[in-house]
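In our numbering, the protein residues as written are 23 to 397.
These aren't lab readings, by the way, just hints derived from the structure by calculation.
Since we're looking at a predicted model, the values are computed, not measured.
Where is the CB? At the ideal position from N, CA and C, for every residue including glycine.
Worth double-checking, as some hints may not be accurate.
Quick list of in silico lysine-lysine cross-link-like pairs, DSSO-like style, CA-CA up to 27 Å [said to hold, decoys possible]:
id: 1; residue 1: 263; residue 2: 33
id: 2; residue 1: 205; residue 2: 263
id: 3; residue 1: 180; residue 2: 149
Cβ pair distances, simulated, as ranges [claimed, not checked]:
id: 4; residue 1: 264; residue 2: 79; range: 35 to 45 Å
id: 5; residue 1: 180; residue 2: 121; range: 27 to 37 Å
id: 6; residue 1: 105; residue 2: 372; range: 22 to 32 Å
id: 7; residue 1: 285; residue 2: 364; range: 17 to 27 Å
id: 8; residue 1: 352; residue 2: 241; range: 51 to 61 Å
id: 9; residue 1: 33; residue 2: 205; range: 49 to 59 Å
id: 10; residue 1: 305; residue 2: 198; range: 16 to 26 Å
id: 11; residue 1: 257; residue 2: 145; range: 45 to 55 Å
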Amino acid sequence: MKILVAMDSFKGSLSSLEAGQAVKRGIARVLPRADVSILPLADGGEGTAETLAYALDGQYHYEEVLDPLGRKTEGYFVLLPGNTAVVELAVASGLTLLQENERNPFLTSTYGSGQLIRAALARGAKKIIVGLGGSATNDGGAGLLQALGLGLLDENRKPLPLGGIHLKDLAYINAENIMSEFKSAEILIASDVNNPLLGESGASAIFGPQKGATPSQVEALDAALNNYNEVLFKTLGQNFKDIKGAGAAGGTTVALLAFSQAQIEPGIDLVLDTLNFEEKLKKADLLIGGEGKIDKQTLLGKGLMGLAQRARKYNVPFLALAGSIEEGAEGLYQHGLSAMLPIAPGPITLDSSLAHAAQLIETASERALRLITLL
């Protein structure tokens with residue numbers, strides 16, 4: 023029996039690879055001779071580089087870069103076969119690099135992420151997958167562009183300091199020194215965010231508070247991004263304010279679209295296509311996936327939804343395991359999911375579930391396979 027295991031991470035407890043390994047151990051208790059392939063899953067956010075590195079024999083490259091507040095830290099990118107690099111914004115510009123009391127989108131910058139892109143291009147990358155999830159920034163990707171050589175200048179033609187609030191003073195853009203390899207590279211933006219750059223559904227209003235912005239700061243940041251967009255329009259003749267997805271990662275999408283050959287792709291589709299997932303799925307007798315929670319939000323296009331649609335396309339039975347299954351989850355049955363099971367055998371606290379997630383997944387996988395072998 024050929025079983026393809028494509029688990030997402032269980033946040034706070036297991037990476038996607040660790041979750042997949044737990045499933046494989048559970049399967050081995052029932053079908054020790056089963057041909058089990060683990061394909062860690064990611065949706066373009068945190069964990070994407072790890073997933074692609076594991077599945078495609080990618081190589082990690084480490085660089086000293088600046089964190090969101092301009093302090094030195096160690097970051098990395100992954101180089102895949104075919105001169106493709108993977109850069110996650112969260113690695114150098116992520117919330118996890120800051121203490122909660124350090125979160126301040128007035129001052130945080132994507133400069134370190136630009137340093138990683140620069141290093142990847144210097145290593146010969148011609149194609150870069152950029153994962154936007156988990157950023158601590160609201161600078162419109164300005165820091166990223168500054169790291170790549172773009173001049174962002176105030177009315178006195180002085181370089182702007184790093185940080186989203188300083189975009190309010192942007193008056194001129196000088197693109198003479200931007201890295202030529204960046205302008206010609208194929209940039210794939212892995213993002214499931216549909217929010218525009220500005221306004222009540224924009225980057226500052228929707229994502230600013232979780233990055234530490236107060237209501238008054240949200241208003242100021244939105245005004246700063248508006249000025250940024252106006253100067254970009256004056257310089258390039260492009261208006262980014264109404265582009266679907268421009269608000270992702272504090273507007274970083276705008277920077278990539280403005281100065282490179284970039285295109286936005288749904289994160290799960292980009293990852294699955296890069297992994298050649300469908301070719302592997304065609305050969306499988308069973309697909310097993312899972313994540314921490316399945317609910318009505320799962321139907322909006324991430325992770326399990328992408329798997330379900332492909333499982334239906336190739337008529338492969340699809341079992342999902344989850345830490346919790348909530349109202350609306352049954353909608354997945356209309357899109358290709360065959361069955362779903364909670365990993366806990368009965369009532370359990372969240373803390374206990376997180377602490378014992380690997381064992382729970384292993385045992386749940388065993389239970390599921392014993393049921394399947396009855397058929």
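query: Does the Cβ-Cβ separation between residue 257 and residue 145 fall within 45 to 55 Å?
result: violated, 30 Å
field: Distance restraint hint 17 to 27 Å, applied to the beta-carbon atoms of residue 285 and residue 364
entry: violated, 38 Å
- request: Could you check the hint for me, namely that residue 105 and residue 372 are 22 to 32 Å apart, CB to CB?
  value: violated, 43 Å
- prompt: Does 16 to 26 Å hold as the CB distance between residue 305 and residue 198, or does it fail?
  reply: Taking Cβ atoms as reference, residue 305 and residue 198 lie about 52 Å apart, which means the hint is violated.
task: Please test the hint of 35 to 45 Å on the beta carbon pair from residue 264 and residue 79.
output: holds, 41 Å
C-beta pair residue 180, residue 121: status relative to the range 27 to 37 Å that was hinted: holds, 31 Å
- prompt: Given the proposed pairing of residue 205 with residue 263, does the C-alpha separation stay at or below 27 Å?
  reply: Holds, at about 21 Å.
- prompt: Is the Cα-Cα distance between residue 180 and residue 149 27 Å or less?
  reply: violated, 33 Å
query: Taking 27 Å as the top limit, are the C-alpha atoms of residue 263 and residue 33 close enough?
result: violated, 32 Å
field: Range agreement (Cβ of residue 241 with Cβ of residue 352, hint 51 to 61 Å)
entry: violated, 41 Å
- request: Could you see if the CB distance from residue 33 to residue 205 stays within 49 to 59 Å?
  value: Since the Cβ atoms of residue 33 and residue 205 sit about 36 Å apart, the hinted range of 49 to 59 Å is violated.
Of the numbered hints given earlier, the model fails hints 1, 3, 6, 7, 8, 9, 10 and 11; all others are met.
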